[in-house]
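Undergrad: Let the hints inform the model, and build the full structure from the sequences given.
Spelled out from the first residue to the last, the chains are:
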Amino acid sequence: MRSIVCIKRVPDTETRVRIAADGVSLDPSGVKYVLNPYDEIALEEAIRLKEEAGEGSVTALCLGPKEAAEQLRTALAMGADDAVLLAGEPSHDGLVTAKALAAEIEGREFDLLLFGKQAVDDDNMQVPAMVAELLDLPCATVVVGLEVSGRHVTARREVEGGHETVEFDLPGVVAAQKGLNEPRYPSLKGIMSAKRKPLEEKEAAAVESSLELVSLSEPPAPEAGEIVGEGADAVPELVRKLREEAKVL
Amino acid sequence: MSFQGVDYYDVDGMLEPEERAVRDMVRGWVEEEVMPIIQRHYVDKTFPSELIPQMAELGFLGANLPEKYGCAGLNNVAYGIIMQELERGDSGLRSFASVQGALVMYPIHAFGSEEQRETWLPALASGEKIGCFGLTEPDFGSNPGGMLTRAVKDGDEWVLNGAKMWITNGSMADVAVVWAKTGEIDDVGSIRGFIVETDRQGFSARDQKGKLSLLASDTSELVLQDVCVPDSNLLPGSGGLKSPLMCLTQARYGIAWGAVGAAMACFDEAVSYSKNRVQFGGKPIAATQIQQIRLAEMLTEITKAQLLVLRLGRLKDAGTMRPQQVSLAKRNNVNMACECAREARRLLGANGILVEYQAMRHMANLESVYTYEGTHDVHGLILGQDITGHPAY
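Quick note, the sequences are listed as chains A and B, same order. Here the first sequence is numbered in our numbering, starting from 1 and rising by one per residue. Here the second sequence is numbered in our numbering, starting from 1001 and rising by one per residue.
In short, the hints are calculated from the structure, not lab data. Check the hints yourself; a few may be wrong.
[What the hints assert, rightly or not] Examples of chain B residues lying across from chain A (beta carbon under 8 Å, computed): (1) Ser1002; (2) Trp1029; (3) Glu1057; (4) Leu1058; (5) Leu1074; (6) Ile1387.
[Claimed, not checked] Below, a list of computed lysine-lysine pairs in the DSS-like style, where the Cα atoms sit at most 25 Å apart: (7) A/Lys50 with A/Lys178; (8) B/Lys1045 with B/Lys1275; (9) A/Lys195 with A/Lys32; (10) B/Lys1129 with B/Lys1068; (11) B/Lys1068 with A/Lys197; (12) A/Lys66 with A/Lys202; (13) A/Lys195 with B/Lys1068; (14) A/Lys197 with A/Lys50; (15) A/Lys50 with A/Lys195; (16) B/Lys1045 with B/Lys1304; (17) B/Lys1045 with A/Lys189; (18) A/Lys247 with A/Lys50; (19) B/Lys1045 with B/Lys1153; (20) B/Lys1275 with A/Lys32; (21) B/Lys1129 with A/Lys189; (22) A/Lys32 with B/Lys1304.
Owing to the predicted nature of the structure, the values given are computational and were not obtained by experimental measurement. Heads up, the beta-carbon is just placed ideally off N, CA and C, and yes, glycines get one too.
TA: Set out below in structure tokens:
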């Protein structure tokens, strides 16, 4: 089983991000970056598939700044065999990212192309499906269960209120959702061996965007809460307010 | 908000990328796997042995020993960082890793035959076997050279007799590295190390009752009554008191790092608590001068201690570290952590005595750490001798 896993460098989910002075980018100072959590799930799945098959390879691919080598090393420490850094700034336009990734992937031989279902920074959820389209491959998104039997794949997807099962033949694209697996911690041996694994760096293909980012804004500050009373006596009033004023019931 | 560590002086900037990767991994593991269960173990007075397989799998055991024996082959800074992060969880967990790695695996690696290394090190690294270290005796703590445990040669075997006290991992161990005199009782030079499987006839371990510190740790007394081991269990490279002291230098090095982790945990908790605890007219106690000075003192001491161990680690990796430098770091950092834990507990007020918070658990643990592996005072005397040339102990 030969897999390619596309990963992204994103701000740590616990980092408090601030909008930079230009109003259209994030202030990078003091921001800790991590491997996108959904991509960890995709990596784990690829590594397990290789381990179960007893043969194959896992390539980690990242479009990002040179510093994203750190996240690729994490992928190598988890168990990827080699890594490719497409040096360039990640775009707010999913199609730009998808075209640059597809240009690199097109010339490669692989069975399964994996992504996290979304990056936790821009939450676009576009790239996996776009790359699949550009490469003319079947695509299953929001995948919580995966079975590979020979060249045949059965993927279980999360859909509103339930699950959907789809089947396709390799090669294909899978975008991983939480629940597909529990990603491993990179072991100390893994971290040490990651230093010795190949990490190729090349320029990302130049792609024009037709989407303009106009502005970023902070979410509104939460309004102060209200204490309607104490104990059981307060319940009717609380229910009335939730129904009539907050309109959440 | 998960634990972010303390880094006021960009100490991170002095770490190699893989050292940071090790730190992030161990920190994440402690957050996910240790923090949710450690309070319960502390109250129940049990060691969290369910963590051993994961610790082994991830490579925490003997992490700075060579890969050819199944170890991770880390440098000493990365090894220290592991100890720091483990002790941020609990001193008992770090003690377990210190004993397995620095006091059992290290002597087998340093003084053992190739056959002994190949037999024991992979099994100890994988957690398949747990080890303990028998040096201290009921009447010989700071003065281990006075030990009464004897090993007498009888044909192809050695017969061991004696008692060892304050033995971390003692009751759960599969193997003990036991130090005994092979000559006359006043012949300190005759001390040798022995690998003693704990299922041998005459070997017994008894849990130390009545502890008020290191409650999530196995502390035991060992009794050896006519325990026979083959000559092949003698550590051939060991000789004299210097051998066990070399092991202690390894363990103390890790403790100097570990103490920083415990102090960071207390500081982190104190900062968070002070911002949320509101008194006297709607202001958080973080806005008061007394708590700000408390926090400033803690941050200052933690930062100094961090720089101390990082430099010590670089010296160790360069092969130029002296045991006296380890004494300085162990003495300073553990004392520093004791103070931080006590101040954090006080800042937390009445809540500070609860097990739901970390400060008092660390405070109680650190009293043991202050005393074991060379007491604070003995390390002071080691430094005193190094400065003046006069031994005073």
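Undergrad: For every hint, state whether the structure bears it out.
TA: These are the hints, each one checked on the structure:
1. Ser1002: For serine 1002 of chain B, the interface hint holds, since the closest Cβ of chain A sits about 6 Å away, which is under 8 Å.
2. Trp1029: With a minimum Cβ separation of about 5 Å from chain A (threshold 8 Å), the hint on tryptophan 1029 of chain B holds.
3. Glu1057: Hint holds; glutamate 1057 of chain B Cβ to chain A Cβ min 7 Å, cut 8 Å.
4. Leu1058: Holds. Min distance 5 Å.
5. Leu1074: With a closest approach of 6 Å, the leucine 1074 of chain B hint holds.
6. Ile1387: Nearest chain A Cβ about 38 Å off; hint violated.
7. A/Lys50 with A/Lys178: holds (20 Å)
8. B/Lys1045 with B/Lys1275: The hint is violated at about 32 Å.
9. A/Lys195 with A/Lys32: Given pair lysine 195 of chain A, lysine 32 of chain A holds - Cα atoms ~21 Å apart, limit 25 Å.
10. B/Lys1129 with B/Lys1068: holds (18 Å)
11. B/Lys1068 with A/Lys197: holds (19 Å)
12. A/Lys66 with A/Lys202: With a Cα-Cα distance of about 10 Å, the restraint between lysine 66 of chain A and lysine 202 of chain A holds, given a limit of 25 Å.
13. A/Lys195 with B/Lys1068: holds (18 Å)
14. A/Lys197 with A/Lys50: holds (17 Å)
15. A/Lys50 with A/Lys195: holds (21 Å)
16. B/Lys1045 with B/Lys1304: Distance ~33 Å between lysine 1045 of chain B and lysine 1304 of chain B Cα, so the pair is violated.
17. B/Lys1045 with A/Lys189: Cα-Cα ~32 Å, so violated.
18. A/Lys247 with A/Lys50: With a Cα-Cα distance of about 51 Å, the restraint between lysine 247 of chain A and lysine 50 of chain A is violated, given a limit of 25 Å.
19. B/Lys1045 with B/Lys1153: violated (40 Å)
20. B/Lys1275 with A/Lys32: holds (23 Å)
21. B/Lys1129 with A/Lys189: Since the Cα atoms of lysine 1129 of chain B and lysine 189 of chain A sit roughly 20 Å apart, the hinted pair holds (cutoff 25 Å).
22. A/Lys32 with B/Lys1304: holds (24 Å)
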